[in-house]
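*Asks:* In order, the protein sequence lines correspond to chains A and B.
First residue of the first sequence? That's 0 in this note's numbering, and the numbers climb one at a time after it.
First residue of the second sequence? That's 59 in this note's numbering, and the numbers climb one at a time after it.
It is possible that some hints are incorrect.
Straight-line distance between alpha carbons at most 16 Å, and here's what the computed EDC-like set of lysine to aspartate or glutamate pairs gives [said to hold, decoys possible]:
id : chain 1 : residue 1 : chain 2 : residue 2
1  : B       : Lys154    : A       : Asp76
2  : B       : Lys154    : A       : Asp52
3  : B       : Lys115    : B       : Asp125
4  : B       : Lys154    : A       : Asp50
5  : A       : Lys43     : B       : Glu63
6  : B       : Lys113    : B       : Asp97
7  : B       : Lys75     : B       : Asp142
8  : B       : Lys154    : A       : Glu56
9  : A       : Lys16     : A       : Glu56
Keep in mind that the hints were calculated from the coordinates and are not lab data.
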Amino acid sequence: DAMVIQNPRYQVTQFGKPVTLSCSQTLNHNVMYWYQQKSSQAPKLLFHYYDKDFNNEADTPDNFQSRRPNTSFCFLDIRSPGLGDAAMYLCATSSGTNYEQYFGPGTRLTVT
Amino acid sequence: SQKIEQNSEALNIQEGKTATLTCNYTNYSPAYLQWYRQDPGRGPVFLLLIRENEKEKRKERLKVTFDTTLKQSLFHITASQPADSATYLCALGFQKLVFGTGTRLLVSP
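Extracted from the complex, chain A is given alone in its bound form:
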């Protein structure tokens, strides 16, 4: 089945220790997104790629970076995680012509 995969599902990191979350897709979609979702809050868009074009949201902290080496993979790098970065990180894709988004299961990040 075509899908969006996120690894790991649970990630624990230490305050200030860089961490990378990964996302892959078998849908061959042009657009990939990263969202941050804290408990009982709405998913908040951090950035998205349309093919190789990177689009950062204005309020996304500089501490968050992303890479998309090819169509299938996208990475979220948090350079110096703070306690406030503990959240569920969701990867999503869309075709660019149909606007529904397909989400992965998420990575739950804990910062100790």
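Mind docking chain B on chain A? Use the hints.
*Replies:* Here is chain B on its own, set in the frame of chain A:
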């Protein structure tokens, strides 16, 4: 700034009844509005998309209405089942989405 409001209180209904969830928005004129379902600890799942020129959209037991004058969408689940228990998120936009915080639906047997 854009604001999306969904009832933060959980909606409790009996199995077999129709659940109606509300999404209100301000400072926005979306061409598209989407509804997603999210189960605890999981990513959202797309349910329905409605365009600004569509008043109503149906899919099986689901129905969505979109009133651009009232700036409101209603999401209905008919003949609700316990398996429908989840959080339902409203989202505005097309390529970039702005999500509401969602309303939790609890369907009791």
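*Asks:* Does Lys154/B pair with Asp76/A here, judged by a C-alpha cut-off of 16 Å?
*Replies:* The given pair, whose Cα atoms are some 21 Å apart, is violated under the 16 Å limit.
*Asks:* Next pair to validate is Lys115/B with Asp125/B; report whether the Cα-Cα distance is within 16 Å.
*Replies:* holds (12 Å)
*Asks:* Starting from Lys113/B, check that the Cα of Asp97/B is at most 16 Å away, please.
*Replies:* Violated, at about 28 Å.
*Asks:* Quick one, are Lys75/B and Asp142/B close enough, alpha carbons at most 16 Å?
*Replies:* holds (12 Å)
*Asks:* Holds or violated: are the alpha carbons of Lys16/A and Glu56/A at most 16 Å from each other?
*Replies:* violated (24 Å)
*Asks:* For the pair supplied as a hint, Lys43/A and Glu63/B, is the alpha-carbon distance within the 16 Å limit?
*Replies:* Judged against 16 Å, a Cα distance of about 15 Å means the pair holds.
*Asks:* Taking only the CA atoms, is the gap from Lys154/B to Glu56/A under or equal to 16 Å?
*Replies:* Roughly 10 Å separates the two Cα atoms, so the pair holds.
*Asks:* Can you confirm whether the C-alpha distance between Lys154/B and Asp52/A stays at or below 16 Å?
*Replies:* Distance ~14 Å between Lys154/B and Asp52/A Cα, so the pair holds.
*Asks:* Next pair to validate is Lys154/B with Asp50/A; report whether the Cα-Cα distance is within 16 Å.
*Replies:* The given pair, whose Cα atoms are some 14 Å apart, holds under the 16 Å limit.
The structure fails hints 1, 6, 9 (numbered hints given earlier, in ascending order).
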